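Chemist: Could you put the whole structure together from the sequences, leaning on the hints where they help?
Protein sequence lines correspond, in order, to chains P and Z. Residues 1 to 329 in the numbering used here are what the first sequence lists, from first letter to last. Residues 1 to 329 in the numbering used here are what the second sequence lists, from first letter to last.
Accuracy of the hints is not assured; some may be wrong.
Copies of the same chain look alike in the list, so a pair counts if it works inside one copy or between any two.
In silico BS3-like links for lysine-lysine, alpha-carbon gap of 25 Å or less [what the hints assert, rightly or not]:
id, residue 1, residue 2
1, Lys232, Lys279
2, Lys279, Lys264
3, Lys164, Lys279
4, Lys164, Lys184
5, Lys169, Lys232
6, Lys195, Lys169
7, Lys164, Lys232
In short, the hints are calculated from the structure, not lab data. Since the structure is predicted, the reported quantities are computational estimates derived from the model, not experimental observations.
Protein chains: 2
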Amino acid sequence: MVQAKTWILTKHFEGFPKDSNFELKVEELPEPKDGEVLLEAVFLSVDPYMRPFSRARMQEGDVMIGTQVAKVIQSKNPAFPVGSHVVSRSGWRTHTVSDVKELIPIMSDWPQDVSLSLALGTIGMPGLTALLGIEEVLGLQKGETLLVNAAAGAVGSVVGQIAKIKGCKVVGSAGSDAKVAFLKELGFDEAFNYKTVGSLEEALKKASPEGYDCFFENVGGPFSSVAIPQMKNLGRIAVCGAISTYNDTTPQTGPYPHLTMIFKQIKMEGFMVGRWADKHPESSKRLLGWLKEGKLKVREHFTKGFEKMPAAFMGMLQGENIGKATVVV
Amino acid sequence: MVQAKTWILTKHFEGFPKDSNFELKVEELPEPKDGEVLLEAVFLSVDPYMRPFSRARMQEGDVMIGTQVAKVIQSKNPAFPVGSHVVSRSGWRTHTVSDVKELIPIMSDWPQDVSLSLALGTIGMPGLTALLGIEEVLGLQKGETLLVNAAAGAVGSVVGQIAKIKGCKVVGSAGSDAKVAFLKELGFDEAFNYKTVGSLEEALKKASPEGYDCFFENVGGPFSSVAIPQMKNLGRIAVCGAISTYNDTTPQTGPYPHLTMIFKQIKMEGFMVGRWADKHPESSKRLLGWLKEGKLKVREHFTKGFEKMPAAFMGMLQGENIGKATVVV
Numbered sequence: 001m002v003q004a005k006t007w008i009l010t011k012h013f014e015g016f017p018k019d020s021n022f023e024l025k026v027e028e029l030p031e032p033k034d035g036e037v038l039l040e041a042v043f044l045s046v047d048p049y050m051r052p053f054s055r056a057r058m059q060e061g062d063v064m065i066g067t068q069v070a071k072v073i074q075s076k077n078p079a080f081p082v083g084s085h086v087v088s089r090s091g092w093r094t095h096t097v098s099d100v101k102e103l104i105p106i107m108s109d110w111p112q113d114v115s116l117s118l119a120l121g122t123i124g125m126p127g128l129t130a131l132l133g134i135e136e137v138l139g140l141q142k143g144e145t146l147l148v149n150a151a152a153g154a155v156g157s158v159v160g161q162i163a164k165i166k167g168c169k170v171v172g173s174a175g176s177d178a179k180v181a182f183l184k185e186l187g188f189d190e191a192f193n194y195k196t197v198g199s200l201e202e203a204l205k206k207a208s209p210e211g212y213d214c215f216f217e218n219v220g221g222p223f224s225s226v227a228i229p230q231m232k233n234l235g236r237i238a239v240c241g242a243i244s245t246y247n248d249t250t251p252q253t254g255p256y257p258h259l260t261m262i263f264k265q266i267k268m269e270g271f272m273v274g275r276w277a278d279k280h281p282e283s284s285k286r287l288l289g290w291l292k293e294g295k296l297k298v299r300e301h302f303t304k305g306f307e308k309m310p311a312a313f314m315g316m317l318q319g320e321n322i323g324k325a326t327v328v329v
Numbered sequence: 001m002v003q004a005k006t007w008i009l010t011k012h013f014e015g016f017p018k019d020s021n022f023e024l025k026v027e028e029l030p031e032p033k034d035g036e037v038l039l040e041a042v043f044l045s046v047d048p049y050m051r052p053f054s055r056a057r058m059q060e061g062d063v064m065i066g067t068q069v070a071k072v073i074q075s076k077n078p079a080f081p082v083g084s085h086v087v088s089r090s091g092w093r094t095h096t097v098s099d100v101k102e103l104i105p106i107m108s109d110w111p112q113d114v115s116l117s118l119a120l121g122t123i124g125m126p127g128l129t130a131l132l133g134i135e136e137v138l139g140l141q142k143g144e145t146l147l148v149n150a151a152a153g154a155v156g157s158v159v160g161q162i163a164k165i166k167g168c169k170v171v172g173s174a175g176s177d178a179k180v181a182f183l184k185e186l187g188f189d190e191a192f193n194y195k196t197v198g199s200l201e202e203a204l205k206k207a208s209p210e211g212y213d214c215f216f217e218n219v220g221g222p223f224s225s226v227a228i229p230q231m232k233n234l235g236r237i238a239v240c241g242a243i244s245t246y247n248d249t250t251p252q253t254g255p256y257p258h259l260t261m262i263f264k265q266i267k268m269e270g271f272m273v274g275r276w277a278d279k280h281p282e283s284s285k286r287l288l289g290w291l292k293e294g295k296l297k298v299r300e301h302f303t304k305g306f307e308k309m310p311a312a313f314m315g316m317l318q319g320e321n322i323g324k325a326t327v328v329v
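Modeler: Here's what the structure looks like:
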């Protein structure tokens, strides 16, 4: 009999998450039946989306949602042999009995020298979000100028690098000098610390006096109110996240963007990466290719210990991480 | 020597326009030179866009911007014979000497029994805005549900009718019971007076419990904050106008729409009809065709006298008109 540790959402978040929103519970797992496998978590992802999704998709008492890289440790399904690895939407749990329906095997050509943790980052959901946001939502073209905020995060850091691969000028905003230094290492043309620039408007104008063709939006809130008027005519905005608003107890308000959107004919589109599930396999291969060629650099922010999941999650929401925030069991 | 009466913007608008923002001036016109024509205004358009454009595109002391249907009364250009009619962006003036570059001749197959005033309305800029907003921005498909506000106005009333032609369910919001009755005459499936419904949210839910695929936005401001959450997944919003905010002295604010746009993957796009100038001739022909077939009904709100232009403009901004607001010289 295997015991799974799980993290429960005991109470819906009000404002910024607190330790008391979470509870560690131990669960006895049944034996896998025919066709099923028993998984053991190796890496667990903490991502910004979990904050708003908790309210939209979870009940109090549910295991926290989330994705993990797991190892098959017992198998009654020949397609998933013992010792193989998968990406699983198991939530925050150390062990899972799975009917394999939602499992994604790690790509067969995954290189030995590439950490499997990247299946939760640059070669996983965040990387796909960056790539498909750029290609399917923004339609970014060579020679254009792209703005990305939360640029040192799991998605933002990939966005900027892909835009460089595509021959664009890239401007990144991040929340610490260390993050700005990281963005420069990644090849961003311009990067600034939005917390210390004084005027965000001036920083945006200075970084690209001619404005922005594309804006990959991860932050929302007041940043968006300043950034939208800096778009060029026919500018496109991919709305991927709004982390600055996720912990609001009363919604923040800002000026209506309509008139600016009309005069500049701006398009703004919200998206989630699952929309293009059919494109994920080919897109993952391209991401892995760029990684192997050295065109995509990676940084990960590891927290050791399943017990630390809430701390890792809250730290990520506070911007502690540079690159992808991941928990190592 | 011909004298032109003109309406000057003496001082930029602050808040709602006042009589003191305008001044009637008389101007001596030179003789037309070779290639030029002398125009006499017959119908002049007053449109919502003039309010925000005044700040963006005009200096104090300029003649108010605007389009008119004019008659050629003197010609030194064989392509524009005396007695022919044109659409001209002359601004608010009774007479104009034009080098013909920006003139659009009235379509050669314009029917005798159709008022030339419609070249400023259903068969002109507002009609093209409706048609191209629906086709190029919304990509409205048969069977979908469309919401339009300011629905009894020059653009909105055409939007709803085209959506019906395309086999859609149409919901319209307007600001008086007479306007709502007009929308029902036009064949709108649902129409309500937003000033008397009590809860706009409930009115929108009642009119289409399953939500909205497309939203043709003419109003902006708080209406948009209520309407955006009523969109279906993958909903599209064409941002054509924001009349509820044009007279703000300090910008109105509302909740940031980002999270709703992400969860529902909503697209919102500002546009101006000039973007598809290449499509105007063919699109105008289609509008005229629908008019002749009786599929597009028309109502115009005429004000008599060039002297009344400011009053007609201010009345239109207050929603006095049902259908297109036009001044007859």
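Chemist: If the cutoff is 25 Å on CA atoms, where do Lys279 and Lys264 land: within, between, both or neither? Let me know, please.
Modeler: Classified as between: cross-chain Cα gap 20 Å, same-chain 31 Å, threshold 25 Å.
Chemist: At 25 Å max between alpha carbons, let me know whether Lys195 reaches Lys169 within a copy, between copies, both or neither.
Modeler: within (22 Å within a copy, 48 Å between copies)
Chemist: Which holds for Lys232 with Lys279 at a C-alpha limit of 25 Å: within a copy, between copies, both or neither?
Modeler: between (29 Å within a copy, 23 Å between copies)
Chemist: Can you tell me if Lys164 and Lys279 fall within 25 Å by alpha carbon in one copy, between copies, both or neither?
Modeler: Close inside one copy (21 Å), not across copies (35 Å); limit 25 Å.
Chemist: With identical chains treated as interchangeable, where does the CA-CA distance between Lys164 and Lys232 reach 25 Å or less: within a copy, between copies, both, or neither?
Modeler: within (19 Å within a copy, 35 Å between copies)
Chemist: At most 25 Å between C-alpha atoms: does Lys164 with Lys184 qualify within a copy, between copies, both, or neither?
Modeler: Answer is within; shortest intra-copy Cα gap is 12 Å, inter-copy 54 Å.
Chemist: Within a copy, between copies, both or neither: where do Lys169 and Lys232 come within 25 Å Cα-Cα?
Modeler: The answer is within: 14 Å in one copy meets 25 Å, while 35 Å across copies does not.
The earlier numbered hints are all upheld by this structure, with none contradicted.
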